[in-house]
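Please arrange chain B on chain A, whose structure you already have, making use of the hints.
There are 2 protein chains.
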Amino acid sequence: MIRSLGVGLAGFGTVGAGVFESLQKQQKLIEERSGFSFQVRGIAIRDPQKQRKQFLPPSLLRRSWRDLLRDPHTQIVVELMGGTTDAFELIKGALQSRRIVVTGNKALLAERGEEIFALAQEFRTPVFYEAAVAGGIPIIQSLRDSFVSNHIESIHGILNGTTNYILSCMQEEGMEYNQALDQAKALGYVEADPTLDLSGWDAAHKALILAALAYGFWVSPQDIRVEGIEKVSAADILFAKNFGYTIKLLARIRASSDGIIEIGVSPTLIPMKSILASVSGVFNAIAIKGDLVGESLFYGRGAGARPTASSVIGDLVTAAQNFHLHLSSERTSCPIGFSSHTLYGKSRLAEEIISSYYLRFTVEDQPGVLSMITTIFGQYGISISSLVQPESRVDRKTSLVFMIHRAPYGLIQSALEQVRTLSCVKSEPILFNVEM
Amino acid sequence: MIRSLGVGLAGFGTVGAGVFESLQKQQKLIEERSGFSFQVRGIAIRDPQKQRKQFLPPSLLRRSWRDLLRDPHTQIVVELMGGTTDAFELIKGALQSRRIVVTGNKALLAERGEEIFALAQEFRTPVFYEAAVAGGIPIIQSLRDSFVSNHIESIHGILNGTTNYILSCMQEEGMEYNQALDQAKALGYVEADPTLDLSGWDAAHKALILAALAYGFWVSPQDIRVEGIEKVSAADILFAKNFGYTIKLLARIRASSDGIIEIGVSPTLIPMKSILASVSGVFNAIAIKGDLVGESLFYGRGAGARPTASSVIGDLVTAAQNFHLHLSSERTSCPIGFSSHTLYGKSRLAEEIISSYYLRFTVEDQPGVLSMITTIFGQYGISISSLVQPESRVDRKTSLVFMIHRAPYGLIQSALEQVRTLSCVKSEPILFNVEM
Numbered sequence: 001m002i003r004s005l006g007v008g009l010a011g012f013g014t015v016g017a018g019v020f021e022s023l024q025k026q027q028k029l030i031e032e033r034s035g036f037s038f039q040v041r042g043i044a045i046r047d048p049q050k051q052r053k054q055f056l057p058p059s060l061l062r063r064s065w066r067d068l069l070r071d072p073h074t075q076i077v078v079e080l081m082g083g084t085t086d087a088f089e090l091i092k093g094a095l096q097s098r099r100i101v102v103t104g105n106k107a108l109l110a111e112r113g114e115e116i117f118a119l120a121q122e123f124r125t126p127v128f129y130e131a132a133v134a135g136g137i138p139i140i141q142s143l144r145d146s147f148v149s150n151h152i153e154s155i156h157g158i159l160n161g162t163t164n165y166i167l168s169c170m171q172e173e174g175m176e177y178n179q180a181l182d183q184a185k186a187l188g189y190v191e192a193d194p195t196l197d198l199s200g201w202d203a204a205h206k207a208l209i210l211a212a213l214a215y216g217f218w219v220s221p222q223d224i225r226v227e228g229i230e231k232v233s234a235a236d237i238l239f240a241k242n243f244g245y246t247i248k249l250l251a252r253i254r255a256s257s258d259g260i261i262e263i264g265v266s267p268t269l270i271p272m273k274s275i276l277a278s279v280s281g282v283f284n285a286i287a288i289k290g291d292l293v294g295e296s297l298f299y300g301r302g303a304g305a306r307p308t309a310s311s312v313i314g315d316l317v318t319a320a321q322n323f324h325l326h327l328s329s330e331r332t333s334c335p336i337g338f339s340s341h342t343l344y345g346k347s348r349l350a351e352e353i354i355s356s357y358y359l360r361f362t363v364e365d366q367p368g369v370l371s372m373i374t375t376i377f378g379q380y381g382i383s384i385s386s387l388v389q390p391e392s393r394v395d396r397k398t399s400l401v402f403m404i405h406r407a408p409y410g411l412i413q414s415a416l417e418q419v420r421t422l423s424c425v426k427s428e429p430i431l432f433n434v435e436m
Numbered sequence: 001m002i003r004s005l006g007v008g009l010a011g012f013g014t015v016g017a018g019v020f021e022s023l024q025k026q027q028k029l030i031e032e033r034s035g036f037s038f039q040v041r042g043i044a045i046r047d048p049q050k051q052r053k054q055f056l057p058p059s060l061l062r063r064s065w066r067d068l069l070r071d072p073h074t075q076i077v078v079e080l081m082g083g084t085t086d087a088f089e090l091i092k093g094a095l096q097s098r099r100i101v102v103t104g105n106k107a108l109l110a111e112r113g114e115e116i117f118a119l120a121q122e123f124r125t126p127v128f129y130e131a132a133v134a135g136g137i138p139i140i141q142s143l144r145d146s147f148v149s150n151h152i153e154s155i156h157g158i159l160n161g162t163t164n165y166i167l168s169c170m171q172e173e174g175m176e177y178n179q180a181l182d183q184a185k186a187l188g189y190v191e192a193d194p195t196l197d198l199s200g201w202d203a204a205h206k207a208l209i210l211a212a213l214a215y216g217f218w219v220s221p222q223d224i225r226v227e228g229i230e231k232v233s234a235a236d237i238l239f240a241k242n243f244g245y246t247i248k249l250l251a252r253i254r255a256s257s258d259g260i261i262e263i264g265v266s267p268t269l270i271p272m273k274s275i276l277a278s279v280s281g282v283f284n285a286i287a288i289k290g291d292l293v294g295e296s297l298f299y300g301r302g303a304g305a306r307p308t309a310s311s312v313i314g315d316l317v318t319a320a321q322n323f324h325l326h327l328s329s330e331r332t333s334c335p336i337g338f339s340s341h342t343l344y345g346k347s348r349l350a351e352e353i354i355s356s357y358y359l360r361f362t363v364e365d366q367p368g369v370l371s372m373i374t375t376i377f378g379q380y381g382i383s384i385s386s387l388v389q390p391e392s393r394v395d396r397k398t399s400l401v402f403m404i405h406r407a408p409y410g411l412i413q414s415a416l417e418q419v420r421t422l423s424c425v426k427s428e429p430i431l432f433n434v435e436m
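Going down the list, the protein sequences come from chains A and B. Going left to right, the first sequence walks through residues 1 to 436 as our numbering numbers them. Going left to right, the second sequence walks through residues 1 to 436 as our numbering numbers them.
One thing to keep in mind: the hints can contain errors.
Any copy will do: because identical chains look the same in the list, a pair fits if it lies in one copy or spans two.
Said to hold, decoys possible - Calculated lysine-lysine pairs in the DSSO-like style (CA-CA distance at most 30 Å, straight line):
1. K273 to K289
2. K241 to K426
3. K273 to K241
4. K25 to K346
5. K289 to K185
6. K185 to K241
7. K53 to K289
8. K25 to K289
9. K28 to K346
10. K28 to K289
Keep in mind that the hints were calculated from the coordinates and are not lab data.
Chain A with its partners taken away, still in its complex shape:
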């Protein structure tokens, strides 16, 4: 027996259109496997005049997301409209009217996840969000359900395909940043506004969601250090390679031994031999270390209409399975998609997080320069593990590249402020984290 559920779809961009198309194309398979059939009852869009690749049946077109909540036969609301204001109102309205929510909105969850799950809790109505992190990779379900008995020691993720594609081009083909960015644009891997991707914030939103799932509380986006890939140059890629590393935009989430959570996103040198180093192109990967499960890794496409639709439909089926439970008198055992817990609850200030570093300056090629810089490092107790001064010099300038032992980020920043005042230092320092 096939049970039918009504779906209201908000947003008809790449992912929304992909979900609509996939629900139709894979309908038979979904019904056979799950026993559920999903009827899209309305599609809310912002601009009805907009040219669209995908046909939107006029009978389904809704001018406002509010219309989706007016349909009594819509039991599940799929929010793929983006933004953090209307999308929040839609989700709020859905939960208040006891409609299960499926969303792919990473920015909204990272910024207002706490409010959203408080509403989910209040109305005992679940919110599913597999599509919000790493497209087609089932990382939310795995972390939430499969690893439920694990203290999560760390999560390391390549969470943004656009930037990983750019860095891969630089790594594998020796391109400069702008050349790689142009190639990514030509292949359609770059959004109309690439700021969120390139600045690291898209990855950071995903990292904040993973951290919340792993540790049971939400860290504010303001409280973490996020750096994009704009400063990575072909020179850095080459120096890193000579040290045995590749550079990835890495999200790092870690519970340190004192129980405080550390989160950060920045270009990071990772050993060429590590499995994350082999993740190239638009692919995403997430390495999780749990106290029971040990090391595990999930790899796949982190974006795109079809991979993301796959995750949305996976959530729809889970929503459907929960639907009767959610309506029944046993509602309290219906999981809401997130659980607050109290084992941890503090995140470390960015400047107090300890890491190893890669550091490069351009300096004047004259005697005493190295001594001046290392003297400053010494005064701050910063210890150098390796140093390279390459032969090549241009206009009497040369690069100095340091690998620096573990130290708090704030301490490095203070030392660099003083180094900057030296007249022999001719460039902004380039500082990246190093993971072992």
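This is chain B only, laid out in the frame that chain A set:
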């Protein structure tokens, strides 16, 4: 509010003891995250006299698995006793009495999965089995739930840690098979009876379960080709390396374009550059290609007390979430853990499966040998893509190594039968699949 559920545990070997220990050690975390508390109400063991590393509280000791079914407060039965007769009876009894089943028994599911899920269907009571395939890797849940909307094009898996450890030693340290096996034994990576692992059957059982999930029907273990790693030698590893490949015990599951399913497990040459090639030591990995999600890969520990316990407890929480649904009048929407479907339903005979091959013989080092062999290949329409005859020879014998273009396995076998009759051929042919 924490809800408590009673668990009956059958088996107290490595995994059973790991589950018992982890349920106690991680109790607070599990309760906070899931809202459920699991009370082990009885532990059934075969031999009460056996020396055990882990303390088994005498009050919980049950002499027979039947005792677990006599306890009215046991709602979930965890079957980790192994074997396919008593274990089947226990699962049958549990389902008949509407107790949810969690099992890690790959051999039982591979051999009698069809019967077990018919019972699950009849009594609308779910069976969960994450621990049966690839230890701590959440591959069952991902394939069953997250990828529900995907036609699965192929699954390639390294599904046995023992054999992967042995092959990794051979690959990375140039060891011979027996030397690597001894090292694996010394490290505790080899079971008392290693036959299932070394023969490829442990991996094959897991492959049959994955295939059933992907395609909705059960293929009989008798109908697939399974080869172990016993014939892999240091020489083969070296020849493969020179061709740009590494040798892995690979489970291959594929839906071919005519909709027929192909399943096989054997030592297989895979390109050194592929991500599966970088899976070394006791780790497992599964690469899945779905029509929506594209390529994805799951990597982690495939065995061991704690990783497997992590999967069992993940299943317990899912079981608990389903528990009230399963009891309610809405029981028909409670998923039973497997869905038969009818899109496919046929598996291809082993001899009709087409692959590329690596083939090595020892032959007499005399003129005309190569011509005799290639003439036979020619008669069968078998095409050679590459050939190596190394310089080294011993006792006037030499190796001939062929890379062979795609051909049905049966055709290769027929040709080899004829090659074997040549007096210049001095060894059994070594034949491995090659994946591109």
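Hint by hint, here is what the structure shows:
1. K273 to K289: Both: 18 Å inside a chain and 25 Å across chains, each within 30 Å.
2. K241 to K426: within (24 Å within a copy, 48 Å between copies)
3. K273 to K241: both (11 Å within a copy, 18 Å between copies)
4. K25 to K346: between (46 Å within a copy, 23 Å between copies)
5. K289 to K185: between (34 Å within a copy, 26 Å between copies)
6. K185 to K241: So K185 and K241 pass the 30 Å test inside one copy only (26 Å; across, 37 Å).
7. K53 to K289: between (42 Å within a copy, 26 Å between copies)
8. K25 to K289: Answer is between: at 18 Å across copies they meet the 30 Å cutoff, but 37 Å inside does not.
9. K28 to K346: between (47 Å within a copy, 19 Å between copies)
10. K28 to K289: Classified as between; 19 Å across copies, 38 Å inside a copy.
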